[in-house]
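A.B. asks: One-letter residues, chain by chain:
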Amino acid sequence: SQQGEEDPQALSIQEGENATMNCSYKTSINNLQWYRQNSGRGLVHLILIRSNEREKHSGRLRVTLDTSKKSSSLLITASRAADTASYFCATGGEETSGSRLTFGEGTQLTVNP
Amino acid sequence: GAVVSQHPSRVICKSGTSVKIECRSLDFQATTMFWYRQFPKQSLMLMATSNEGSKATYEQGVEKDKFLINHASLTLSTLTVTSAHPEDSSFYICSAREGQSNQPQHFGDGTRLSIL
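Chain order of the listed sequences is A and B. Going by my numbering, the first residue of the first sequence is number 1, and it counts up by one from there. Going by my numbering, the first residue of the second sequence is number 1, and it counts up by one from there.
Do not rely on the hints blindly, as some may be mistaken.
Unchecked claim - Taking lysine-lysine pairs in the DSBU-like style, the calculated list, with each CA pair at most 35 Å apart, reads:
1. B/K41 to A/K56
2. B/K41 to A/K69
3. B/K64 to B/K20
4. B/K41 to A/K26
5. B/K41 to B/K20
6. A/K26 to B/K55
7. B/K64 to A/K70
8. A/K70 to B/K55
9. A/K56 to A/K70
For the record, the hints were derived by calculation from the structure and aren't laboratory data.
Please work from the sequences and hints to get the whole structure.
C.D. replies: This is how it looks when you write it as structure tokens:
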């Protein structure tokens, strides 16, 4: 079943603005991860947040996790044109459900210079 | 650190050809490797999960005889698309993970496969 629905599907902002992307999921998770994909390339791991964590920071990135609402958000502050990419959330299931990641549909972020 | 090399980056070949794609973890030992397929402007679809030295676990709907996976060592997994047809044209991406499932996956740069 599809896990990890993201919104918005597409987001266009000006350089310097903040970008917020949201992810919702349906089942219990062990962790939630955010990845970035430049066009025609592989994915780059950004942040992993465990189910017992509520917030995590890495540079200009801030990720929150609300397990009661089964949702997560990725905030990119002071965006740059180089941040233009697709961003995916991926949920890691509990150990009993195997080691797979289930990816959301992604948000296409465009940062205009 | 945590670099995954995927080769080739692009393949164009005739229908009926078998194509092998390699995925290598360069600076870590990959306990588990994953193969994904991605259609344009869509998300990643997991095809199979492979652990070193054991048979791959395929997702529902993925033909194991069509997509042969070999994970012969802790640093190398291969995906062979056998007797490829135009409908197999896609972007194939591998990833590798060191250790337990609460560790991130590290991705290769993908292979664009075009079958004429």
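A.B. asks: Now look at each hint and say whether the structure bears it out.
C.D. replies: A quick look at each hint next to the structure:
| no. | hint | result |
| --- | --- | --- |
| 1 | B/K41 to A/K56 | 28 Å, holds |
| 2 | B/K41 to A/K69 | 27 Å, holds |
| 3 | B/K64 to B/K20 | 14 Å, holds |
| 4 | B/K41 to A/K26 | 23 Å, holds |
| 5 | B/K41 to B/K20 | 24 Å, holds |
| 6 | A/K26 to B/K55 | 30 Å, holds |
| 7 | B/K64 to A/K70 | 34 Å, holds |
| 8 | A/K70 to B/K55 | 34 Å, holds |
| 9 | A/K56 to A/K70 | 16 Å, holds |
The earlier numbered hints are all upheld by this structure, with none contradicted.
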